[in-house]
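Novice: Here the protein sequences come in this chain order: A and B. To convert, count from 1 in the first sequence and add 14; that's my numbering. To convert, count from 1 in the second sequence and add 14; that's my numbering.
Chain B regions said to be covered by chain A (calculated; three or more residues, Cβ under 8 Å):
(1) 20-27
(2) 109-120
(3) 324-332
For the record, the hints were derived by calculation from the structure and aren't laboratory data. Computed from a predicted structure; not experimentally measured. Beta carbons are placed, not taken as given, at the ideal position from N, Cα and C, and that holds for glycine.
Each chain is listed here by its residues.
Number of protein chains: 2
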Amino acid sequence: MPQLRQDLVTQRWVAIATERAKRPSSFSRAAAVPVPPAAQCPFCVGHEAMTPPEVMAFRVPGTEPNTPGWEVRVVPNLYPAFGPADLEPVISHVGPYTTMTGVGVHEVLISSPSHGDDFAQLPVSHIEKVVRAYIARYDAHRQNPAIRYILIINNHGKEAGASLEHPHSQLFGIPLVPSAVCEELDGVRRYRAESGRCVYCDIVTAEREAGERVIQENDWFLVYAPFASRTPFEASILPKWHAARFETMTVEQQKAFASTLHDLTARLYHGLNDPPFNFYIHTAPPHGDAEPDYHWHLELLPKLAIAAGFELGTGVMINVATPESAAEYLRNVDLSAPAPAVSAPGVH
Amino acid sequence: MPQLRQDLVTQRWVAIATERAKRPSSFSRAAAVPVPPAAQCPFCVGHEAMTPPEVMAFRVPGTEPNTPGWEVRVVPNLYPAFGPADLEPVISHVGPYTTMTGVGVHEVLISSPSHGDDFAQLPVSHIEKVVRAYIARYDAHRQNPAIRYILIINNHGKEAGASLEHPHSQLFGIPLVPSAVCEELDGVRRYRAESGRCVYCDIVTAEREAGERVIQENDWFLVYAPFASRTPFEASILPKWHAARFETMTVEQQKAFASTLHDLTARLYHGLNDPPFNFYIHTAPPHGDAEPDYHWHLELLPKLAIAAGFELGTGVMINVATPESAAEYLRNVDLSAPAPAVSAPGVH
Numbered sequence: 015m016p017q018l019r020q021d022l023v024t025q026r027w028v029a030i031a032t033e034r035a036k037r038p039s040s041f042s043r044a045a046a047v048p049v050p051p052a053a054q055c056p057f058c059v060g061h062e063a064m065t066p067p068e069v070m071a072f073r074v075p076g077t078e079p080n081t082p083g084w085e086v087r088v089v090p091n092l093y094p095a096f097g098p099a100d101l102e103p104v105i106s107h108v109g110p111y112t113t114m115t116g117v118g119v120h121e122v123l124i125s126s127p128s129h130g131d132d133f134a135q136l137p138v139s140h141i142e143k144v145v146r147a148y149i150a151r152y153d154a155h156r157q158n159p160a161i162r163y164i165l166i167i168n169n170h171g172k173e174a175g176a177s178l179e180h181p182h183s184q185l186f187g188i189p190l191v192p193s194a195v196c197e198e199l200d201g202v203r204r205y206r207a208e209s210g211r212c213v214y215c216d217i218v219t220a221e222r223e224a225g226e227r228v229i230q231e232n233d234w235f236l237v238y239a240p241f242a243s244r245t246p247f248e249a250s251i252l253p254k255w256h257a258a259r260f261e262t263m264t265v266e267q268q269k270a271f272a273s274t275l276h277d278l279t280a281r282l283y284h285g286l287n288d289p290p291f292n293f294y295i296h297t298a299p300p301h302g303d304a305e306p307d308y309h310w311h312l313e314l315l316p317k318l319a320i321a322a323g324f325e326l327g328t329g330v331m332i333n334v335a336t337p338e339s340a341a342e343y344l345r346n347v348d349l350s351a352p353a354p355a356v357s358a359p360g361v362h
Numbered sequence: 015m016p017q018l019r020q021d022l023v024t025q026r027w028v029a030i031a032t033e034r035a036k037r038p039s040s041f042s043r044a045a046a047v048p049v050p051p052a053a054q055c056p057f058c059v060g061h062e063a064m065t066p067p068e069v070m071a072f073r074v075p076g077t078e079p080n081t082p083g084w085e086v087r088v089v090p091n092l093y094p095a096f097g098p099a100d101l102e103p104v105i106s107h108v109g110p111y112t113t114m115t116g117v118g119v120h121e122v123l124i125s126s127p128s129h130g131d132d133f134a135q136l137p138v139s140h141i142e143k144v145v146r147a148y149i150a151r152y153d154a155h156r157q158n159p160a161i162r163y164i165l166i167i168n169n170h171g172k173e174a175g176a177s178l179e180h181p182h183s184q185l186f187g188i189p190l191v192p193s194a195v196c197e198e199l200d201g202v203r204r205y206r207a208e209s210g211r212c213v214y215c216d217i218v219t220a221e222r223e224a225g226e227r228v229i230q231e232n233d234w235f236l237v238y239a240p241f242a243s244r245t246p247f248e249a250s251i252l253p254k255w256h257a258a259r260f261e262t263m264t265v266e267q268q269k270a271f272a273s274t275l276h277d278l279t280a281r282l283y284h285g286l287n288d289p290p291f292n293f294y295i296h297t298a299p300p301h302g303d304a305e306p307d308y309h310w311h312l313e314l315l316p317k318l319a320i321a322a323g324f325e326l327g328t329g330v331m332i333n334v335a336t337p338e339s340a341a342e343y344l345r346n347v348d349l350s351a352p353a354p355a356v357s358a359p360g361v362h
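Just chain A, with the same shape it has in the complex (with noise of 0.2 Å):
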């Protein structure tokens, strides 16, 4: 079973995932295992078989599971970081240090047929479908008591760590609030003792009068460059309405959240030839007491930077380009241009 174990000094958790584990030697430089070529995408039309049962789909009427004619498909991990689901995570101790079971889901969300659509290049109407999986899934685990928190997100290109081509996100199902979402409800709830108000209120207000950080918005999302942005291009999703949890979304709301997903990933692609880049959402965890002080969002970097010895020995990233250039620079793509060239088969 996945474990976790808990740093004696600093408190920091970290999943060995005993589950895809490799040899040792297959870390030396020579053994860099390829991204599969397409006709071998477990994720394609037609290639159903080589992935775990799916979990659920959005398919043509009339169509069996496990075959073509979905949408959108979900699938267990093949490979799962967290699990099984079915079991209390159990905390254990070895010498001074601690571990707990690494219970939980972890969860394929295949965004489309198409191996080589992706957000940038799907439909608005398709990109929809996606969300409503997202907030499905996530409602399939919610009610569990092992999950403490869940957290969907997506890897776009192999620099970002996205092992397989073919567009999918993930969703993760654990057995704890893990340190990243810790540190912004103690932030919320530190903003709210001294000011009364919601934090991330606050920032679209703000953000809306400087302007300067502002990428793009519409009726219901502010997307803006974070004035404290850890790397060139970071982008945040924020939705202009207070609400704790991403999954308590209207259907027009997941309307106005897909298109927005679209236009932000479309400047990207754009603007910047396609760079990899990683997403996640931020929502509250599933039980507790956070709503209603919380307020979710998406956090998008592109992985245009290393994280080297220094952002590793101090916590604090260098980012080469002010967030003010980034956030011009994407205001200004224009959607309605031509794609560039596709890059090289491989390369992403």
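Starting from the known structure of chain A, fit chain B onto it as the hints suggest.
Specialist: The following block gives chain B in isolation, referenced to the frame of chain A:
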């Protein structure tokens, strides 16, 4: 001047390195900058005019500064992430946000005149001189009241962020104690409050007893794979005696440290075919009351995994190798074996 910006929610600091700023379009995938070849290397002998004038060097007697004849050479970084060093940091506010001027120092310590030899190849007697240079530069800045922390780091290999191939370390003097060090200081104090003991001293005892995570050991240093290793083959060099400050090492301890650093990097070089890695030295902040509670150490993280959406969104790393298997593998590397074939130029 470089600028530090604080995130309003998490209170994380980010350095916006305007001195190193690039045009937004330079981040486009097509615009990647290649590592310069050796013939244009500013750190090679005879190219001394390509760097800012040296601030220190160990030299053959009778040779002039900024000419050949040096063994270890220290120069200001041409594109400093922090500076200048002669001003107090100034905090100011932009809307709801907080910034600080990025005063400080950023120096490059060129390991040797050899373009191709790093710690795994250099004689231990030469690495002793590098260690001596670390301490000398640390001591040069530690009285500066504007500098609240001094970090020495080493990036090895392009994938680990080394923008120049010629082996070198970097010293950063920055105007705050960074979060990664604060977390350790908090952990040291918490553990001492609970147990009356130093957590790092207890780790030395526990790891020597367990044995399975020990990589190597000599009279002065224990090298081990941390129980909660964040990446495959993470390793810590921990002094077996309690000392808050690396810069207080005796000459005998410096010799043992140089030998330890050589052997650890040689294990990586021979065992994993020269993987990219980062290391940094965590020592007590130069000012304040952390001494004598802190316990200095070196942390080394091979760049063999990508921090992707899950890691960024949670702060929890997923490690696909157990520290026990990594330690066993590195412990068994034959340091008398011949070096692997040289990689193609420009690959790392």
